[in-house]
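Guided by the hints, dock chain R onto chain H, whose structure is given.
So the protein lines, in turn, are chains H and R.
To convert, take the position in the first sequence, counting from 1, and add 1; that gives my numbering.
To convert, take the position in the second sequence, counting from 1, and add 336; that gives my numbering.
Simulated from the structure, these hints should not be mistaken for lab results.
Glycine is no exception: its CB is placed at the ideal position from the N, C-alpha and C atoms.
Computed Cβ-Cβ distance ranges for the label pairs, DEER-style:
| hint | chain 1 | residue 1 | chain 2 | residue 2 | range |
| --- | --- | --- | --- | --- | --- |
| 1 | H | Met170 | R | Thr621 | 23 to 33 Å |
| 2 | H | Asn32 | R | Leu444 | 29 to 39 Å |
| 3 | H | Tyr106 | R | Leu444 | 46 to 56 Å |
| 4 | R | Trp616 | H | Leu18 | 16 to 26 Å |
| 5 | R | Ser422 | H | Asn32 | 18 to 28 Å |
| 6 | R | Phe583 | H | Arg149 | 37 to 47 Å |
| 7 | H | Lys10 | R | Lys540 | 49 to 59 Å |
| 8 | R | Asp446 | H | Leu94 | 51 to 61 Å |
| 9 | H | Ile109 | R | Ala633 | 21 to 31 Å |
| 10 | H | Ala135 | R | Phe583 | 50 to 60 Å |
| 11 | R | Ala584 | H | Tyr12 | 45 to 55 Å |
| 12 | H | Ile109 | R | Leu577 | 33 to 43 Å |
Listed below are several chain R residues computed to face chain H (Cβ distance under 8 Å; list not exhaustive):
| hint | residue |
| --- | --- |
| 13 | Ser607 |
| 14 | Arg609 |
| 15 | Glu614 |
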Amino acid sequence: MKLSTQQLKTYSIGLCLVPLLGIVFDILTNNLGANAMQALHIRLGDWALRFLCITLLISPLQSMTKWRGMADFRQLFGLFSFFYAFLHVLAYLLLDFQGQWSLIYIDILESSYLWFGLITFVILLLLAISSPNAAKKRLGVKWKKLHRFIYLAAATAVLHFLWQLKGNMAEPLFYMLIIGLLLLFRVVNYYKNRKFSKLMLPIGRKKVIDE
Amino acid sequence: MSINLIKAIPGTEITDEEIFVNRRAFIKSMGVGVGIVSSLSPFKSLFASDKEPKLLESTPLKLIENYNNYYEFSFKKEDVNTLAQSLRIDPWSVEISGEVEKPTVFHLEDLLKRFPAQERLYRFRCVEGWSMVVPWQGFPLADLLQAVKPLSTAHFVRLVSTSQPEAMPNLSKNAMLQWPYEEGLRMDEAMHPLTLLASGMYGKSLAKQNGAPLRLVVPWKYGFKSIKAIVKIELLKRAPLTTWNRFAPNEYGFYANVNPAVPHPRWSQNSERLLSNELWTPRRTTELFNGYAEQVAHLYSAMDLRHFF
Chain H
2 MKLSTQQLKT YSIGLCLVPL LGIVFDILTN NLGANAMQAL HIRLGDWALR
52 FLCITLLISP LQSMTKWRGM ADFRQLFGLF SFFYAFLHVL AYLLLDFQGQ
102 WSLIYIDILE SSYLWFGLIT FVILLLLAIS SPNAAKKRLG VKWKKLHRFI
152 YLAAATAVLH FLWQLKGNMA EPLFYMLIIG LLLLFRVVNY YKNRKFSKLM
202 LPIGRKKVID E
Chain R
337 MSINLIKAIP GTEITDEEIF VNRRAFIKSM GVGVGIVSSL SPFKSLFASD
387 KEPKLLESTP LKLIENYNNY YEFSFKKEDV NTLAQSLRID PWSVEISGEV
437 EKPTVFHLED LLKRFPAQER LYRFRCVEGW SMVVPWQGFP LADLLQAVKP
487 LSTAHFVRLV STSQPEAMPN LSKNAMLQWP YEEGLRMDEA MHPLTLLASG
537 MYGKSLAKQN GAPLRLVVPW KYGFKSIKAI VKIELLKRAP LTTWNRFAPN
587 EYGFYANVNP AVPHPRWSQN SERLLSNELW TPRRTTELFN GYAEQVAHLY
637 SAMDLRHFF
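Extracted from the complex, chain H is given alone in its bound form (with noise of 0.2 Å):
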């Protein structure tokens, strides 16, 4: 059986939707510990996160591959790192906070690592209002500038995550490493390219990085 590309679009929209199904469970059977905010706070931050580092993955393996039409899986995966992330932020203020704006005000302006955090939903807010092909079209180059901003809105999220441990920094370290090889790719592909280019010499089959 051969999927079309849109079969397989719905059938990962399905499979972005799971992580979400498994909380909206565990919410339900009150299956979140004994600090239950902090748990829905971390697997929602979690999941943002992760398919923050899918997407970035996504050139890599198109390059790597040389198999084409992974962009529409790259917007995909970006607007779920959105999604996740704008769940994660709006349990903060509704749920933890239950709208208490007076408290909220100074816990953001009293924890530096909530700074980091808000920097990367902005961008990642920022980046799914650009997502639409439409937008895509009517901003041009710009575009492609705006987007290569997902690169610091890694950089914060991780930041986000580790400032707030207390000692232990293994999981966010894990992230870190693996941002830092998908950005260690682009950087080392990029020399490459240049290189080639300043030769001026004809490298066989031309790489089209479709950033």
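Same frame as chain H, now just chain R:
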């Protein structure tokens, strides 16, 4: 010096565990009962059970026993319960030495016989921003210190946790902190009647993950001051270096008083989340000295708490 103590609760008045477990239904029935009796304002009374109760409501034992910061065993709170069971706590003795007239090694049984347990329902606030309410059983640290007759040169107290590398994975790995765990108090803090050496919780012996067989409880300070599994108490002329203070002095001060006005360098301490496995638990605003200001504020009246945090 007279100090207003929160009234000690006699053992006979401790809520039966079964009633405790069913307390929600109990409280609801009380609410309805009150509503019927006070027919003058039936609506107000009916909704009274939804408001935050004036009395402290203990955090469910199950949560307290399954959510533990005990870095000797694991950095993951949920893993501590299982891992801590390999701790050896029998026999147990506590050595008291330093600036005292009578340095002594107490066997735990003698200690518990000599200083009968009192019941103390305390708020407990973690530096990470969560809190709970714990019914401890124990005796004031002051009673023990008086028994060994402190010298006038004793200005500080150093407390040391047990060191069992064979049972404590992070000790054998030499992970993160410098082991064994050490904490300290100023002498007046140690002698304060609120400062407790706890051997029990919820009318039972302490669970291993909660600091069995003997731990410190200083209710107006962040939880990390409340050192677990104490084997050594030393009275000193100078302030001891403490584990967390040594690890990150800019983040974990010697005093570690709960103070909503002094944020941790990386997060606010203005509000806290009460442990609960129910999502709809409102945050509460953190109180100065964790709500014990009336009893302890005078200890710090001459200090800038932003500097001595």
